[in-house]
Structure formats: C-alpha cells, structure tokens
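Protein chains in written order, with this note's numbering: chain V, 1 to 292; chain F, 1 to 292.
The set of hints was computed from the structure by calculation and includes no laboratory data.
Since the model is a prediction, treat every value here as computed from it, not as a measurement.
Every residue, glycine too, gets a C-beta built ideally from N, C-alpha and C.
Do not rely on the hints blindly, as some may be mistaken.
Sample of chain V residues facing chain F (criterion: CB under 8 Å; computed from the structure) [said to hold, decoys possible]:
| no. | residue |
| --- | --- |
| 1 | V192 |
| 2 | S200 |
| 3 | F224 |
| 4 | E236 |
| 5 | L267 |
2 protein chains.
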Amino acid sequence: MDAGQPEFGKIVVFGTGLIGGSFALALKAAGAVEEVVGFGRTPSTLRVAQELGVIDRAGINPAHEIGDADIVLVATPVAQMPEIFARIAPYLGPNTIVTDGGSTKGDVVAAARAAFRGHIGKFVPAHPIAGAENSGPSAARRDLYQGKKVVVTPLPENNDERLDHVKRAWALCGADIYELTPEMHDRVFAAVSHLPHLLSFALVHDLAVRPDADLFFTFAASGFRDFTRIAASHPEMWRDICLANRAALLGELDSYRSQLDELREVLDQADGERLEDIFGIARQARREWGSS
Amino acid sequence: MDAGQPEFGKIVVFGTGLIGGSFALALKAAGAVEEVVGFGRTPSTLRVAQELGVIDRAGINPAHEIGDADIVLVATPVAQMPEIFARIAPYLGPNTIVTDGGSTKGDVVAAARAAFRGHIGKFVPAHPIAGAENSGPSAARRDLYQGKKVVVTPLPENNDERLDHVKRAWALCGADIYELTPEMHDRVFAAVSHLPHLLSFALVHDLAVRPDADLFFTFAASGFRDFTRIAASHPEMWRDICLANRAALLGELDSYRSQLDELREVLDQADGERLEDIFGIARQARREWGSS
Chain V
1 MDAGQPEFGK IVVFGTGLIG GSFALALKAA GAVEEVVGFG RTPSTLRVAQ
51 ELGVIDRAGI NPAHEIGDAD IVLVATPVAQ MPEIFARIAP YLGPNTIVTD
101 GGSTKGDVVA AARAAFRGHI GKFVPAHPIA GAENSGPSAA RRDLYQGKKV
151 VVTPLPENND ERLDHVKRAW ALCGADIYEL TPEMHDRVFA AVSHLPHLLS
201 FALVHDLAVR PDADLFFTFA ASGFRDFTRI AASHPEMWRD ICLANRAALL
251 GELDSYRSQL DELREVLDQA DGERLEDIFG IARQARREWG SS
Chain F
1 MDAGQPEFGK IVVFGTGLIG GSFALALKAA GAVEEVVGFG RTPSTLRVAQ
51 ELGVIDRAGI NPAHEIGDAD IVLVATPVAQ MPEIFARIAP YLGPNTIVTD
101 GGSTKGDVVA AARAAFRGHI GKFVPAHPIA GAENSGPSAA RRDLYQGKKV
151 VVTPLPENND ERLDHVKRAW ALCGADIYEL TPEMHDRVFA AVSHLPHLLS
201 FALVHDLAVR PDADLFFTFA ASGFRDFTRI AASHPEMWRD ICLANRAALL
251 GELDSYRSQL DELREVLDQA DGERLEDIFG IARQARREWG SS
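Build out the structure end to end from the sequences listed, making use of the hints.
This is the structure:
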C-alpha cells in the first residue's frame with residue numbers, strides 16, 4: 001500500500017450519530033479514508049454532521065453512492081435496517097462491503113438475507129459495544145472505540161478478504177476485535193445484558209404497582225440502587241432490543257426461571273448448605289470477573 | 001431532668017462491633033450515658049473495644065449487669081440472639097429495656113417471646129439501617145447513624161414509655177426513626193433488599209456454572225456490573241438473612257416469579273405495547289425514587 005494513499009476510498013454511513021459518526025471520525029483521524037458520505041432521515045442532522053466534520057457530504061441518492069463505496073456502515077436503530085438494506089441492495093458494486101452496528105444479530109442477518117439474497121456474502125455483521133443510546137452527531141467522538149470491544153459475527157458466505165476489511169476498519173478505530181457466530185452473539189448478550197435489564201425492570205415494576213409502593217421505596221438502599229440502575233433505561237429502546245432478540249432472550253429467561261425455581265425449593269426446605277453453596281459460587285465468579 | 005445528669009445510666013451492649021459499638025460511641029458523644037458495659041464472645045475484641053473507648057468495661061456475668069441496666073442492646077448476628085436472650089432473661093430488672101439491631105424482625109421477636117415470656121413487654125425490637133457487615137469495634141463510629149434510618153417495630157406488649165426510651169436513644173444517635181410492625185418490616189426488606197440479593201446471586205450462578213462461562217463474562221459490561229454488584233456479598237451472611245426472613249422472602253419471590261411469568265408471556269406474544277408499558281412504569285418509579 002502506498003504511504004500517502006488512504007486504506008479505504010469512500011465510506012458510506014447510514015446514521016451519523018454516536019455509532020456511525022464515531023466510526024467516521026476515527027477512520028478520518030487515522031488517515032484511513034478518502035471520503036465519508038452520510039445518509040440520514042433528518043436533513044438538519046446531516047447538516048450538523050457535515051459542519052462537525054463527521055461526514056464530508058450528505059448523500060442524496062443511494063444509486064449514486066453505493067456502487068463505488070468500499071464500506072457501507074448501517075448504524076441506525078435495528079428497526080430501520082430492513083428498509084435501508086432494501087434501498088441499497090440494487091446498487092452493491094463488486095467491491096462494496098456492507099456492515100452494521102446493531103446490538104442484535106439474528107434479526108439483522110435475517111433482514112440482510114432477505115434484501116441481499118445472492119449477494120449476502122457482501123454483508124459482514126458486527127456489533128460495536130460502546131454506548132447504547134444514539135445521541136446524534138454531536139455525541140460522536142473519534143476515540144469512542146479506543147480499547148472497546150467490537151464483535152464481528154461472520155456468515156458462512158463471507159470470504160476472508162471481506163471479513164478482514166471489516167475487522168481492519170474497526171481495528172483502525174482502536175477497537176479490540178472478537179468473533180462469534182450470530183447465534184452465539186445473541187445468546188451471550190441476552191444473558192449478560194438484555195436479561196438483567198428485563199429482571200431489573202421487573203423488580204421495580206412489581207413494587208411500583210403496589211398500593212403501598214411508597215413504603216417499599218422508602219426503605220430501599222444502596223443494594224437496591226445498584227440492582228435497579230438499569231431499570232431507568234429507555235423503555236422504547238429496550239422494548240425494541242427485547243423484541244429483536246426475543247428467541248435468545250426467552251431461552252435465557254427460561255434458564256433463569258429454572259434457577260429461581262431451584263432457589264425457591266432450597267429456601268422452602270431451609271437448605272442452608274445449598275444456599276450458601278449457590279451464593280458462594282456466584283460471589284467467587286463475580287469477584288473474579290470484577291477484578292479482571 | 002438535671003442538666004448535668006446523663007439521660008441514661010447504664011447501657012449494656014452485646015456485640016461491640018459496627019452496630020453496637022457505634023450506638024455506644026454516639027450516646028457517649030451525646031453525653032447521654034453514664035456507663036457502657038460490653039459483652040462479646042472474644043475477650044481480645046472486648047479489650048480492643050475498651051481501649052478504643054467504645055465500652056467502659058467488659059461484663060463478666062449477666063447476673064450482675066442486666067438488672068440495673070437502662071437499655072440492653074443485642075447487636076450480634078441474628079443467629080446468636082436466641083442464646084443471648086435466654087442468658088439475660090432471668091435478670092431483667094423492673095426498668096430494664098432490651099432492644100436489638102437485627103436486620104430481620106419476625107424471627108428475633110419469636111426468639112424473644114420464647115425467652116422473655118411474660119416479660120416480652122420489656123423487649124422493643126429495632127433495625128438500624130447502617131451497613132450490613134459487622135467489622136469489629138474498630139469499625140464503630142460515633143456518627144454512623146447520623147441521618148440514617150432506624151426502624152422500630154413495636155410489639156402490642158410494649159408500653160409507650162419503653163417504646164419512647166428506645167426511640168429516644170436512637171434519636172440521640174442522630175437517626176431518623178420509623179415505625180413498622182415486625183411483619184411489615186420483614187416484607188419490606190424482603191422486597192427491597194433480600195430479594196434483589198437473591199436475584200443477583202441467581203444470575204451470576206446461572207452463568208458461572210456453564211461450561212462456556214468465560215465467554216459470557218467476557219462480554220458483560222456496565223449494566224451487568226451494577227446489577228451483580230451485590231452478588232459479591234458475603235455468602236454466609238446472606239444465607240443467614242435469607243433463612244431468617246424465609247417466610248417473607250418466599251412471598252416476595254413468588255410475587256416476582258409471577259411478574260416474570262407475565263413478562264415471558266408478553267415477550268412470547270411479541271406484545272411490544274405491554275412490554276414498553278411495563279418498562280415505562282418501572283423507569284418512572286426508579287427515576288422518582290433515585291432523585292428523592
């Protein structure tokens with residue numbers, strides 16, 4: 001590669017907020033991209049993105065922008081992706097690679113397969129783990145992905161070259177790259193992120209609907225505060241995530257309900273030994289994780 | 001009351017650690033007590049308590065110390081209380097008031113009734129909410145209870161004078177005094193403290209026993225960190241609390257399991273409206289609580 005030549009030519013970003021905008025800024029800061037073109041639903045947002053230098057210009061018509069793009073990043077909420085995939089599918093060029101920034105993968109892959117069909121090999125799914133809320137171009141930062149994890153979830157149809165391109169782009173953003181299958185990705189995030197949110201919402205809701213809810217909240221303390229912090233998360237966003245990852249989340253919820261059934265039995269039997277055993281295994285795992 | 005005369009004469013404290021030691025130090029700092037006598041299982045701990053000025057002297061024989069005490073605070077782990085109640089029961093004087101610092105009340109009251117029988121009116125149960133771990137006399141601080149909550153859970157047999165004495169002692173420590181029945185106390189703390197601990201232990205245990213546990217922990221992030229912070233709590237202590245408050249905890253656990261059953265149904269039906277409704281109610285309650 002020529003020293004003066006950026007690694008990527010044109011990058012197209014759908015959604016120029018935290019995820020997409022930070023991707024663009026990071027590649028620009030690395031001198032790795034010639035031009036960034038942004039698409040979005042709101043013209044004023046695209047103007048701000050351009051003023052802030054997040055994108056070089058706003059795209060008007062995908063027919064003119066997709067064919068010669070090296071990477072197309074779809075960084076919108078997952079619910080908007082099927083429509084965007086359908087809009088760009090007719091225009092994929094021989095070297096175009098499409099990737100995404102969605103926090104669930106099974107549903108995104110299904111939408112991509114439906115839109116790209118025989119060209120699905122050009123779609124390399126990914127999940128950058130860096131802030132869940134999309135807060136517009138002014139939230140974008142070129143160092144957002146520095147030391148953060150990006151999970152790439154390759155499809156059997158992805159060849160090595162395309163996979164390497166996407167991994168390379170995220171590496172240039174400073175991220176640590178992991179690989180999981182889309183199915184395993186969804187199971188893991190159902191277990192460590194989506195389920196805890198559901199459980200935390202459930203506890204607060206169970207208290208909030210009681211006639212004497214105030215009494216309970218009066219005596220809630222620091223343990224409750226930590227456990228329920230994520231119950232202050234955005235209801236619509238978490239509705240969408242839970243629905244998007246419904247199958248994996250139901251599996252994890254059922255595993256957890258079985259765990260609670262066992263704990264109920266142990267408690268009912270006043271089986272102190274087993275109770276301490278369960279608590280002890282949990283504590284050790286939590287401490288080892290917390291210190292890592 | 002004479003200006004130069006402390007409000008209480010002799011205070012006897014069983015367990016001179018964080019809870020009992022701080023009670024003694026606070027009353028001394030308020031000039032409200034003539035003499036503090038400490039009992040404990042470990043002579044060296046009592047020596048340290050005396051060197052630190054937490055107690056004036058170590059008691060040897062309850063027969064010589066209980067009859068003329070104004071307040072006897074039993075601030076040991078709840079599991080030790082039945083034995084202590086039995087040891088002091090024969091020596092209660094006409095003006096002796098016994099109280100405790102246990103974090104569950106139904107079991108403590110039952111133990112007190114068994115030991116004090118016709119004298120149960122002299123026992124005024126209480127729960128100071130200020131740190132769960134008993135860390136010895138060096139952890140005791142005279143300002144521990146400043147602005148903290150103390151829940152007094154009166155018995156029908158307590159007369160106003162005795163109740164007022166206990167409330168007055170805790171008020172002199174700087175605490176805000178609340179009153180609940182023992183049953184309501186146990187329900188409230190099962191819901192806002194014991195159940196969240198159980199749920200947090202359960203989630204980490206459910207992951208920790210999987211063959212591929214490491215993979216899950218690798219992608220756990222800040223939401224998981226908050227939710228599971230209390231799963232690093234002390235297994236023996238929480239075993240004891242869960243067993244001590246078993247009846248109320250089972251009730252709260254069943255209420256929560258019903259809530260999860262509903263959420264499972266809502267998720268299975270992909271009922272986004274209801275899901276958002278539940279999340280929204282929880283979020284609002286959590287935010288109102290968090291800002292109060």
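These are the hints, each one checked on the structure:
1. V192: holds (4 Å)
2. S200: holds (6 Å)
3. F224: This interface hint holds because 5 Å falls under the 8 Å limit.
4. E236: Check passed: Cβ of E236 (chain V) comes within 6 Å of chain F, closer than 8 Å.
5. L267: holds (6 Å)
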